[in-house]
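Trainee: Could you put together the complete structure from these sequences and hints?
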Amino acid sequence: MLSVGLINLLSPLLAVSLWQARLWYAIPLVLVVSLVYGATRHERMKDIFEQSIRTAIGLVGFMSAIFVLIWLIGFWN
Amino acid sequence: MTDAKYDMENGDVITVPLRDPRWAALLGWLWPGAGHLYQRRYAKGMLFMICILSTFFFGLLMGRGRVVYASTRPNDFRWHYFCQLGVGLPALPALVQAYATQNGGPPWFELCRRYPAGTFTANGLREFAVIPPGATNFSGKPLIDGLMAPPAGPITLEKNDVLGMWHSELGHWFEMGTLYTMVAGLLNLLAVYDAFAGPMIITPEIRRKLEEQKKKKPESVES
Chain A
2 MLSVGLINLL
12 SPLLAVSLWQ
22 ARLWYAIPLV
32 LVVSLVYGAT
42 RHERMKDIFE
52 QSIRTAIGLV
62 GFMSAIFVLI
72 WLIGFWN
Chain B
383 MTDAKYDMEN
393 GDVITVPLRD
403 PRWAALLGWL
413 WPGAGHLYQR
423 RYAKGMLFMI
433 CILSTFFFGL
443 LMGRGRVVYA
453 STRPNDFRWH
463 YFCQLGVGLP
473 ALPALVQAYA
483 TQNGGPPWFE
493 LCRRYPAGTF
503 TANGLREFAV
513 IPPGATNFSG
523 KPLIDGLMAP
533 PAGPITLEKN
543 DVLGMWHSEL
553 GHWFEMGTLY
563 TMVAGLLNLL
573 AVYDAFAGPM
583 IITPEIRRKL
593 EEQKKKKPES
603 VES
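Protein chains in written order, with my numbering: chain A, 2 to 78; chain B, 383 to 605.
Derived by calculation from the structure, the hints in this document are not laboratory data.
All values derive from a computational prediction rather than experimental measurement.
For every residue, glycine included, the Cβ atom is placed at its ideal position computed from N, Cα and C.
Hints should not be assumed to be uniformly reliable.
With a straight-line Cα cutoff of 30 Å, these simulated BS3-like cross-link-like pairs (lysine-lysine) come out [claimed, not checked]:
#	chain 1	residue 1	chain 2	residue 2
1	A	Lys47	B	Lys387
2	B	Lys387	B	Lys599
3	A	Lys47	B	Lys591
Some chain A residues close to chain B (C-beta under 10 Å, calculated; not the full set) [what the hints assert, rightly or not]:
#	residue
4	Arg23
5	Tyr26
6	Pro29
7	Leu30
8	Leu32
9	Leu36
10	Val37
11	Ala40
12	Thr41
13	Glu44
14	Asp48
15	Ile49
16	Arg55
Mentor: So, in structure tokens, the structure goes:
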């Protein structure tokens with residue numbers, strides 16, 4: 002309960018996303034996009050998987066940065 | 383027969399057999415991964431096939447077979463279909479369904495029927511009941527949902543319509559299903575490019591040319 006309250010305090014957007022589990026729909030998409038992009042950049046499977054991991058980290062990092070930006074803008078109101 | 387060759391930094395040379403790139407691209411569009419299998423690039427072909435098709439069919443399942451359809455009617459221009467079409471054959475039945483239903487005809491592969499309750503006609507639909515196929519205890523002309531068929535009946539902004547019912551019944555799954563199927567279509571375009579031209583490997587020679595271009599740019603501005 003305390004953790005849910007803390008999440009609600011931090012961001013209604015995050016709370017709604019986690020509570021309604023819609024954020025989890027991003028996980029398969031990130032996985033698939035990373036694998037396909039990695040496969041278009043390399044030919045060997047080892048290189049493909051390494052590129053995929055880098056791409057997945059980049060995607061999640063970018064999405065997190067946008068989330069933080071929107072969260073900060075929320076304080077403006 | 384065409385091959386793409388890449389000279390790597392450690393001295394390796396990667397040769398990618400493209401065979402006939404145009405056939406590979408066409409096959410790759412028609413069925414994700416088929417172009418690569420044609421080129422005997424089996425591992426990548428299976429990777430593309432599994433990733434793209436699972437994304438597409440998972441999205442179609444989330445949308446209960448309704449998120450992939452072709453429509454250019456007023457108030458229902460389904461631009462999403464142009465992205466979904468990237469998947470090729472799995473998305474083409476939507477064109478067949480659009481042709482079958484263009485003059486109000488029934489779709490193939492019926493999913494459910496919607497009957498107006500009371501004395502309302504299908505065009506003035508306000509109440510509806512969804513009845514499984516084959517039920518005989520309702521009368522009146524039904525609006526029929528079909529697999530990959532456009533929503534039946536007129537789509538308006540003022541009254542309840544079948545598209546509105548889909549959104550109401552499926553909730554966020556309609557949007558998620560649409561998103562997944564669109565992403566699958568767009569990813570297959572990348573796979574088609576890979577089949578046509580080989581992977582976009584940055585070799586030392588390409589890196590050197592890019593660095594030379596970067597160095598040239600300030601000089602061209604000054605002159």
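Trainee: A separate judgement is required for each hint: does it hold in the structure or not?
Mentor: Now for the hints, and whether the structure bears them out:
no.: 1; hint: A/Lys47 to B/Lys387; result: holds (19 Å)
no.: 2; hint: B/Lys387 to B/Lys599; result: holds (29 Å)
no.: 3; hint: A/Lys47 to B/Lys591; result: holds (26 Å)
no.: 4; hint: Arg23; result: holds (6 Å)
no.: 5; hint: Tyr26; result: holds (5 Å)
no.: 6; hint: Pro29; result: holds (7 Å)
no.: 7; hint: Leu30; result: holds (6 Å)
no.: 8; hint: Leu32; result: holds (8 Å)
no.: 9; hint: Leu36; result: holds (5 Å)
no.: 10; hint: Val37; result: holds (5 Å)
no.: 11; hint: Ala40; result: holds (5 Å)
no.: 12; hint: Thr41; result: holds (5 Å)
no.: 13; hint: Glu44; result: holds (5 Å)
no.: 14; hint: Asp48; result: holds (8 Å)
no.: 15; hint: Ile49; result: holds (7 Å)
no.: 16; hint: Arg55; result: violated (13 Å)
When each numbered hint is compared with the structure, a violation occurs for hint 16 only.
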